[in-house]
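Asks: Chains A and B, in that order, are what the protein sequence lines are. Per the working numbering, the first sequence runs over residues 1 to 267. Per the working numbering, the second sequence runs over residues 1 to 337.
Treat the hints with care, as some may be off.
[Claimed, not checked] Some, not all, of what chain A presents toward chain B, calculated at C-beta under 8 Å:
#: 1; residue: I12
#: 2; residue: L18
#: 3; residue: L39
#: 4; residue: G43
#: 5; residue: V153
#: 6; residue: F160
#: 7; residue: T169
#: 8; residue: R204
#: 9; residue: G207
[Claimed, not checked] Restraint-style ranges between C-beta atoms, simulated for each label pair:
#: 10; chain 1: B; residue 1: T214; chain 2: A; residue 2: L148; range: 39 to 49 Å
#: 11; chain 1: B; residue 1: P72; chain 2: A; residue 2: A255; range: 29 to 39 Å
#: 12; chain 1: B; residue 1: T214; chain 2: A; residue 2: E245; range: 22 to 32 Å
#: 13; chain 1: A; residue 1: Q189; chain 2: B; residue 2: R43; range: 31 to 41 Å
#: 14; chain 1: A; residue 1: T196; chain 2: B; residue 2: A38; range: 38 to 48 Å
#: 15; chain 1: B; residue 1: R51; chain 2: A; residue 2: G247; range: 23 to 33 Å
#: 16; chain 1: B; residue 1: S213; chain 2: A; residue 2: L53; range: 25 to 35 Å
#: 17; chain 1: A; residue 1: S183; chain 2: B; residue 2: F195; range: 20 to 30 Å
#: 18; chain 1: B; residue 1: R51; chain 2: A; residue 2: P17; range: 21 to 31 Å
#: 19; chain 1: B; residue 1: S213; chain 2: A; residue 2: T57; range: 14 to 24 Å
#: 20; chain 1: A; residue 1: L148; chain 2: B; residue 2: W150; range: 20 to 30 Å
#: 21; chain 1: B; residue 1: P72; chain 2: A; residue 2: L66; range: 46 to 56 Å
#: 22; chain 1: B; residue 1: I34; chain 2: A; residue 2: N232; range: 20 to 30 Å
Think of the hints as simulated: they come from the structure by calculation, not from any bench. These numbers come from a predicted model, not from an experiment. Every residue gets a Cβ at the ideal spot worked out from N, C-alpha and C, and that includes glycine.
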Amino acid sequence: MATPHLLLDRYIDAESPLHAQDARVKLLLTLALVVALALLPAGAWVALLVFALIIWTAVYQAHIGLLRTMRRSLVALPFALVAVTLLITRPGELLLSWSFGPWRLAITDAGVTAFLSVLVKSWLSVQAMLLLMSITHFADLLRALRQLRLPPVLVAILGFAYRYLFIMTDEAQRMLRARECRSAALPGQPAGGSITWRAAVVGRMVGTLFIRAYERSERVYVAMLSRGFNGNLVSLDERPLSPNERGFTLLGTAAAAAVVWASYLFG
Amino acid sequence: MNWQNIADGLVLGLHIPDGFLSAPVALIWWVLTIGALALAVQRVGVELNERQVPLMGVMAAFIFAGQMLNFPVLGGTSGHLLGGALAALLLGPWAGVLVMSAVVTLQALLFQDGGLLAIGANVFNMGVATVAIGYLLGMPLLRTFGGKRWGLMLIGFITAWLSVMAAALLTSLQLVFSGLSATVVFPAMIFVHAFIGIGEGLITVAALAFVVSTRPDLVSSLAGFLNKEALQQPVDKRTIGLVTFVGLGFAALAALLSPLASGDPDGLERVAENQGFLERAMDAPYTIIPDYTVPFLGETPLSTIAAGMIGLLILFALMYGLALVLRGRSSDSRTRS
């Protein structure tokens, strides 16, 4: 069984100028990029190409594998099924049409443009996120979130959740394996009882997991207390962003805004 | 078990990726989510102590891992948990909101399961709305039927099913506001999630039953559930009124907005068709209001809206009547026993 965090953080310790950047800069620029992508009008192919080149250059610079990033970013593709409807609902020039009894399906050029735009935007946004997570330690990201004034409680919960995520998923996987081991079935026959029964088994597993998680959190809390936890989560390194970093962030955001603006102007 | 499969399983429904929401829609839901989270952070700060921070973190990890526990349903599909209603019932509303928000955020950050800009909407759908349904509906229902074990189970199922439906409805609404066609999005999402919700309901009920019988102390100390005195309190008229009002408000809002937002005149008709389909299993969908317009108003958007509202009112009245009948029965059995 692959340890999930190794799968997740495979390239996190690589060295590149991008890895060395402050997490706040990387987070803000990624956010700017994703917002800019969302703001683009349908069919702004030049702007999409510009953003794609920016992302791909950064991915290349970060040595995290261009092809791998592109492939992994297909995660959101199943959701595109929802967007297929764009093909047939936009008024525009007719490209293709079929009749099924009373219904008529007509694909228009505007529909195709809208559909492809959504697909490309989604694909690029996922790549930007993958890039961010591949070059930023999660702990750094959490610190960045705290420095960007997210409520400390929220950041602390995220931190604890990340820390125990792998323990709890290992626990869940052990439970799943145990269920498999005790679910013998004759070949060609379904294992287990009715769907309700199967759901009840899973429900009891969830309940067991809840109790184990709860008891673990009590132990964690006691361990924290015995190490002097007094209710405040403190952290070192509260350095403000340097003028260079501020400038870089602003410049990047402005550039993204300019591309969006230009695509409305000339699109 | 591999991580990609988990992500795939979850993607199917509710985690909206980036690119699908228009920027204004995404921003509106960011604002709503930030408001809800700010309130939750404040209330958790008032009601709970620092001990809750590791608890909520580990609970978020629990919900995340709990979503991996699945069971085969039909033809390679599997049922699994979303967990919002369960979190609300086990942890209480404010901690539930924070825990579910952490889960959704982590899924987006670590597994790109849901977009970055769409976190606002996704957290609201799966973190705020599911917990709100679980709690706002669960509490009054629990006060009504909760004295009995079967009452708790019934409530667990209803709130879990409705929380999934609420998340699916909100997701559809956001997609439709962003320009996708209501004609397809609403029926598809609602149809699929009506079934996913059943799995959610069954798992939630079994999990609740297990926790209640194994460690009742955990549940009562957290949310005041199964507390005999709290359960004996009658529901006051105001709570019923509030719930009714809020429900009607949402229904009316949905009816008002969906045909306008989609720019697609038959959007609501199809939703209605789908509701008919779900209720009467393949029966002819338009029997109450032909073609889902009110005759004397003619073929205008106003007519579609009016028809939608009437349809929703009928639906609501049916549900309310059912609730009254069930409550009558439960008080009967209580007096007898």
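Asks: Could you work out which earlier hints the structure fails to respect and list their numbers in ascending sequence?
Replies: Numbers 1, 2, 4, 11, 12, 13, 15, 16, 18, 19, 20 and 21, in rising order.
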